[in-house]
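Chemist: Chains as they are written, first to last, in our numbering: chain W, 1 to 202; chain U, 1 to 319.
Wrong hints could be hidden among the right ones.
[To be verified] DEER-style ranges, computed between Cβ atoms:
| id | chain 1 | residue 1 | chain 2 | residue 2 | range |
| --- | --- | --- | --- | --- | --- |
| 1 | U | T72 | W | Y68 | 36 to 42 Å |
| 2 | U | D150 | W | G109 | 46 to 52 Å |
| 3 | U | T318 | W | S55 | 50 to 56 Å |
[Claimed, not checked] Subject to a maximum C-alpha distance of 30 Å in a straight line, what follows is the list of computed DSBU-like cross-link-like pairs (lysine-lysine):
| id | chain 1 | residue 1 | chain 2 | residue 2 |
| --- | --- | --- | --- | --- |
| 4 | U | K42 | U | K210 |
| 5 | W | K159 | U | K157 |
| 6 | W | K75 | W | K159 |
| 7 | U | K157 | W | K14 |
| 8 | W | K14 | W | K71 |
| 9 | W | K128 | W | K185 |
Worth flagging that the hints you see were computed from the coordinates, not collected in a lab.
A quick note: this is a predicted structure, and the numbers were derived from the prediction, not measured.
All residues carry an ideal CB built from backbone N, CA and C; glycine is no exception.
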Amino acid sequence: MMRPSSALLVGVVKLLVGAYARWIGTTPAPIQRIYFANHTSHIDTLAIWSSLPRSLRPHTRPIAARDYWGKGLKKYIATRGFGAVLIDRARENTQVDPLDPLRAALREGDSLIIFPEGTRGASATPAKFRSGLFRLAGEFPTVELVPVYLDNLHRSLPKGALLPVPVVCTVRFGTPLTRVDGEEKDSFCDRARAAVISLSHT
Amino acid sequence: MIEHLHGIPREFLWLFGALVVLLGLASGIAAVLARRPADERKAASRRNLVERINAWWVMVGILAVAFLMGPTVTLVLFALASFFALREFITLTPSRPGDRLSLSLAFFMVLPLQFVLIGLGRYGLFAIFIPVWAFLLLPSIAALRSDIEDFLSRSAKQQWGLMVTVYCLSHAPALLMLEIPGQAGRNALLLFYLLLVVQMSDVMQYVFGKLFGRTKIAPLVSPSKTVEGFIGGGLAATAIGGAMWWITPFTPLQSAGISAVIVLMGFLGGLTLSAVKRSLGAKDWGVMIEGHGGMLDRTDSICFAAPVFFHIVRFFYTT
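Using the sequences and the hints given, assemble the complete structure.
Modeler: Quick look at the structure:
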């Protein structure tokens with residue numbers, strides 16, 4: 001049974017942007033995964049989460065930046081609505097690794113939705129990926145790494161916009177990334193980014 | 001509930017019953033067909049048939065809910081249909097950051113107001129709100145953002161989208177606000193009549209086209225539209241519409257004539273929006289209704305037929 005707040009949230013997201021899932025390289029299954037996607041809008045997290053089958057949602061946790069989602073109504077939506085893991089982008093506390101909450105969620109068996117660019121871009125192709133995905137991939141070798149491409153959302157609610165424009169967005173799930181023994185960080189990040197970009201042409 | 005049902009014309013219940021029986025038959029036949037062996041192509045066209053029938057069930061269900069629950073619910077349903085159709089249109093229409101505010105206003109202000117005006121029965125404002133007010137104000141807002149690249153083309157496409165998906169489509173539920181002498185409480189049947197003739201025309205043209213279709217009307221715009229399909233399907237739908245005169249204020253002959261106009265406008269709507277869609281580089285408008293392309297693929301005929309039907313009825317049958 002889904003929480004009413006979650007159901008309402010998914011309804012609003014579907015009304016605004018559709019969030020139609022297209023499973024191109026894999027199928028929806030209760031496997032522990034890290035979904036990694038391009039990032040262009042505040043709705044991205046919600047769009048991917050809403051596009052998943054209802055049964056997968058409770059154990060799939062989006063990562064949300066504490067500086068944006070950590071206060072007031074937004075915090076309520078993020079934590080009660082879609083079970084987000086809040087992380088510190090600003091690194092106020094340099095003693096603590098910002099990836100720790102992600103590790104904790106993975107150890108509990110949950111799947112994650114992350115945006116390796118770290119911040120929202122303005123274009124249809126993602127910027128350079130940061131190292132978080134690489135590190136998690138190394139520490140949790142059994143977790144599937146699924147590339148996701150979101151189209152059109154930069155038109156709906158881009159950086160700096162107040163009101164969303166309703167446009168139809170598809171959420172494309174690609175083939176899980178294979179792991180290469182001893183791969184360097186840069187080559188891994190390029191490969192992961194290329195996997196997301198290749199979905200934009202399908 | 002029963003008391004509420006007394007307000008509903010008996011004809012509606014008959015019609016609704018007949019549709020349910022017909023669709024039940026169709027679903028039954030499709031289920032029998034599905035058991036027979038078939039090659040891949042046949043199986044695919046059977047799946048297509050089942051999807052079409054299922055989408056009809058959904059439409060009839062929604063229609064029944066709308067009619068049983070009154071004009072407000074009907075208006076809300078059509079406003080939602082408009083919303084989804086406009087969303088599809090805007091998705092396929094290139095826009096620039098300078099359009100954001102006017103687009104948001106189109107969705108969240110213009111669209112709801114158009115349907116509220118129907119609810120309030122304000123014909124005067126309803127008829128000019130989008131062609132005058134939205135037409136003048138939305139591009140002005142975009143102009144204030146001083147982004148001139150493709151400005152005319154952007155504004156024109158947005159206005160076109162609003163006109164077709166909101167203004168034109170809103171004329172279907174607007175039938176509910178017409179006051180026709182001797183027809184009080186029967187307006188919902190006019191809406192039902194319009195939708196039935198348009199849908200029958202679509203189905204009949206599809207069937208006749210599959211059976212006899214040879215000569216393509218506009219192969220580049222819509223490869224599935226044929227002269228044989230249009231004439232055969234159009235005549236069949238006109239005959240069905242003529243036979244439905246008893247739920248309308250029309251005589252049988254008038255009903256056939258008006259149905260012919262609905263058929264023609266519906267056909268032109270499908271053709272024109274197909275041309276628009278292809279000029280934007282897409283085949284289907286969206287993925288809303290299983291087996292039916294998008295919302296706009298389903299409502300393109302209604303968008304063109306509704307305003308013409310509305311004004312024929314308003315001009316000849318109201319005082």
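Chemist: Each hint: holds or not?
Modeler: For each hint, the structure was consulted:
| no. | hint | result |
| --- | --- | --- |
| 1 | U:T72 - W:Y68: 36 to 42 Å | 38 Å, holds |
| 2 | U:D150 - W:G109: 46 to 52 Å | 50 Å, holds |
| 3 | U:T318 - W:S55: 50 to 56 Å | 54 Å, holds |
| 4 | U:K42 - U:K210 | 13 Å, holds |
| 5 | W:K159 - U:K157 | 25 Å, holds |
| 6 | W:K75 - W:K159 | 19 Å, holds |
| 7 | U:K157 - W:K14 | 24 Å, holds |
| 8 | W:K14 - W:K71 | 24 Å, holds |
| 9 | W:K128 - W:K185 | 12 Å, holds |
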